[in-house]
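Enquirer: With chain A's structure known, arrange chain B on it following the hints.
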Amino acid sequence: MIWCFDFIILLMLVTCAFAAIWSKGLLSAGMILSAYSFLMALLWTEMGAVDVAFTEAAVGAGVSTVFMIAVVYHTRRFIQPRRYGRMFFKLMGLLATLILGGLSLYAASDFPSWADPSEPASLHVAPYYIENTIRDTAVPNVVTSVLADYRGFDTMFETTVILTAGLVAHAVLRRLGRRRDPNRKTNDGRPVEAHTSIVVQRIARIMVPFIQLYALYVVAHGHHSPGGGFQGGVILGASFILVGLAYNIQTVLARFSEPLGVLLANTGVLLYAGIGVACMVLGANFLDYGILSRVLPGTSPVMARSHAMLGVEIGVAIAVSAIMVSIYINTASKGYHDQGL
Amino acid sequence: MNDQLPALIIVLPLVSALLVNIAGRVGRSYCWLFTVLVMTAVTGCALGLVSRVMTQGIIHYRLGGWPAPVGIEYVVDHLNVLMLVLISAVSLVAAIYSGPAVQREIPEQTTSFYTLFILLVAGLLGMTITGDAFNLYVLVEISALTGYGLIALGQGRAFLASFNYIIMGTVGACFYLLGVGHLYIKTGSLNMKDLYQLLPSLYSSETIAVAFILILAGVWAKMAFFPLHTWLPNAYTYAPTATSALVAPLMTKVSVYVMIRIIFSVFSPEFAFHISAVRHLVVWMAVVGIVTGSVMALLQTDFKKMLTYLIIAEVGYMVGGVWLANRAGITGAVLHVINDALMTLSLFLVAGVVTYRTGGHQVRNLQGFYRIMPWTMAAFTLAALSMIGVPPTVGFFSKWYLMLGAIHGAQWHFVAALVFSSLMNALLFFRIMEMAFFDAPDPAQAWVGPEAPVSMMAPVLGTAVGLLAVGLNSRVIVDRFIQFVIPAGL
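One line per chain: the protein sequences are A and B, in this order.
In terms of the working numbering, the first sequence opens at residue 1 and continues consecutively.
In terms of the working numbering, the second sequence opens at residue 1 and continues consecutively.
Bound conformation, chain B alone:
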């Protein structure tokens, strides 16, 4: 059975989603428990894959038994095994957390919510594990469609926000598909490893250059890289609490992973980074994205919307880090994918608890929260410190590598952007903390109990502890995994 783990990690959630959808019509009260069990099993599969990759190296799995360029192949290496663990762990936490929030906000759509939830996780895992460029597109569609649906389950402006997301998301996916089509015209292959071997002789071709641009533009639209970010803030703000806890930490990060995978495993760093003007342009775009995201976050009065602008700034960190095109920068970017997912998860979980208790997610809803909900605010403080980049939280370590990479590559504007964004985050979060600490609680909210239900609090506190635990183990992650990811030439 161990050999079947790569398929199992996708097939298990797929089949479970269908079963939830059928069984949920009978009794929807079990959906939550079942989802949590499925996510636990998926996390188990991911951990099993980690131990196999660490002992045996890269795993290849032939779907349908066909060898690579003829059939579809799954490839598990040091990069995507990390992502698999990240995705399954985050979705397990989000699944546990979702129970009370779904019951309060969208009780009638419980069954649909959990079906789409599990399918989204299957889509994200599939995007990560696949070694086939077209298969990746199919799973992008799965994760995108479920994402649109999960966001549209929110109230009021969620429909319009989801619609805007559909337009941008579809354009992004189309660009990716067009790019893959161009690659197929010139090579006749869809397998990533095969493409990697076939492409070098074609690097001078105009078609291949356009294919690269199209794929990159598509992935950037998906990850909300500046200036293609406009869909993200509203979509993530007006989504139901339980949706944003899953979607906000994972969607953009998996797209960043796809970008890294395309640059390293389909094309090569030599091809992607060989024109230094392009490299500098992308780093400049990242710089503008970081600055814009940070400034926009400072201007928000809505707590959740503020967090969404921070995501846009963080996407700038990761894209910029990769396009620094040196060892430290890429290490920082990959590490930041993991760290940012955890930080975003932690902050959105806190925002969800605030929404659950006060019925709103404005910044002023947090008045006097240190007195009302000390544990939640402890978790919030830790996450805020991590976003600012205070050691020993996760945020510090990846920012450190990014900083080293920028200094090494003499990209001083990127260094300045990182410092600026850290200062802005400090300003932003200390302002909230001050208000939550010194202001008196709103008397209108006095009726609420001390803390949220256990099934919401356990994920909040667990993630906060995770921020420290992963931070302290950054060295292990870099030495055991990330160093194998970076191509030898850099």
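Bound conformation, chain A alone:
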């Protein structure tokens, strides 16, 4: 731990949090939150939680900023002051913050020291994971083995949470039947090109293949290095979002159509749950991958666990990338799927 480095990051973090709340401009608040996420990612890295940092950078600083911009684009750019009860809400907010802050300080008075090897969290189940992951699963990245095997059931539902978010965005925003926004100008039935910048488009064109290749690497190499399905999926989805930002929504939909997105999102989670069900059919408990060695030729139960983890990571990546694209298209076009942002 480098305390001065930590101190600076934490100071900037608090400043960002204040600035985001202080700012009357919603777009700038979104940008500040993106910076906040980036600082968080730095902090996670410094703590040694590289997988978390990776996710924070991809999701927090990356795609969620784009979603926020899309929402601001369709709503309004500045906060409208409350007409009544301003003081009351401010006081209630202050009171809640003071109580929560006081409680947190009170709780922290009894925390174990930073990075203390004898703290309870380092002594109970964590040593089991660190010592036995190779023996149990042959996966060197402990985070992956905890995420996809020891606590794989949580991860299946976390993926379902993302799927649900996409489904809800679709259910609430998507305007079926009415294909076009009646209030928007069109050019012979085709949407108006709101922005065409040849520089942005060219750069995006060059970047996208590399981004996608990197995403696949992150998914496939999650066993050995930081990364995995979530991060890879978000990066893969982000490559399509980049196309949408540089060109338009039609261009994305031509490559990633709506029915395909729905199919992929559900298939991804089905792949995860399906591997679990396969274990059940073969006579073991749900998600007990070891038994899959019976159907995977030439594998021991330990290697079967490793392979099954790759399988579920691929499922996560498919689902997450499809959902990211779907949420982007629905929020950026207000559900009309014709133009926007």
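Just so you know, the hints here were simulated from the structure itself, not pulled from any lab data.
Just so it is clear, the structure is predicted and the values come from calculations on it, not from any experiment.
Just so you know, not all the hints are guaranteed correct.
From chain A, some residues computed to sit far from chain B (all C-beta separations above 12 angstroms) [to be verified]: (1) E46; (2) Y106; (3) S109; (4) H170; (5) Y247.
So the derived label-pair ranges between C-beta atoms look like this [claimed, not checked]: (6) B:E108 <-> A:E46: 46 to 52 angstroms; (7) B:V454 <-> A:V200: 44 to 50 angstroms; (8) B:F163 <-> A:R205: 36 to 42 angstroms; (9) A:Y214 <-> B:A277: 45 to 51 angstroms; (10) B:D479 <-> A:D6: 56 to 62 angstroms.
Note that the Cβ used here is the ideal one computed from N, Cα and C, for glycine as well.
Expert: Just chain B, lined up with the frame of chain A:
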């Protein structure tokens, strides 16, 4: 296959939801039938678990084959097996009922509706069955997100109502997660049973005390316990009919279950109830909640909104009952979780039928309803009597236990609140009954047929009969299940 029942009850709805979502794009007319079949199968699983728990005792199921603190464990005991049956039965009824309502109100979102519906049920079942504090949080997220979506499918103010619910629901879930994080810092474990064994030596720790407060505050926000209830009335009122039939009876009740589970199986009653000032404070909050909910319900002109305020009052019953911290009080609270779910279901089903027939859910829409729809009103009368607490309906029995608990603990203000709320309910429902019986039907509604479609009427009448059947069997529920739930020290 019998050994796999605990996993099956969650995995079956999860996989079905995904299949509905894919297949629904092809033909959405089958979504309803498929959902009903899935819910029937889930109810079958729940009943299978009941018979296993009754013959073999507590069931442990290792997900991924890993033993408890290392992996995630499902634990089925006498408390949550009751909840599993309740959730699956209520969602089966709501699924059957939803067909015509979805077709009329949200035909374009049929597929999304049923996908979210089944996922919500999976989330609630998972919250109930799990023996892992973090796994519970993940499933809270599932049930919350699907709930926001299902409510936002309603018209007009549903968006804003759902947004307010998102804010409060997210704050609640965050508090719960923060609390679990604090527990992990001090113990290094997420498994409930493991925590239960590790925590007693740490009860004097400040961190553990804060963890308890945070978890409790989070769960209270989720269950709309006074004064964290403000999100609930609008969210449940403006939701589509089919959504409120599922969400209103179950969401708050499952959160009450989570509170009971946390107090009894993660912490212990000795820890939770050892400061009598805190105990009294919570009972007082419950009293204020009961009174506020009842009074606010009386002031409403919207029938559905009136029912939502009654939910808030009933949450006060259950939280107060648990914090009476004696045998009768806790028995009453657990029994009331079941009974209130049935009563709320019954009332919201009736409100849905009224909406289906008249296009609105104002109290005045019920004018002359005894003449137009005698069967619906028979069910309504029964549910109303149950809310008031007239024997032999379910409402009487749990209120009886709660009353005994309050007298036993000498909490006279809680007794007074229970009596007050019963009187208010009587006033409220007799006023509606009078109007529905004596006033002439609105001529503008004369075109409507006699009763709602069979798929709506069967659940309405079935639930009404259930109110009597469960009420008459209260003794069985208490003797066979609830008495094992209460820790020995109380």
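Enquirer: Against the structure, test the hints numbered earlier, and report the numbers of the ones violated in rising order.
Expert: Per hint list: 2, 3, 4, 7 and 9 violated.
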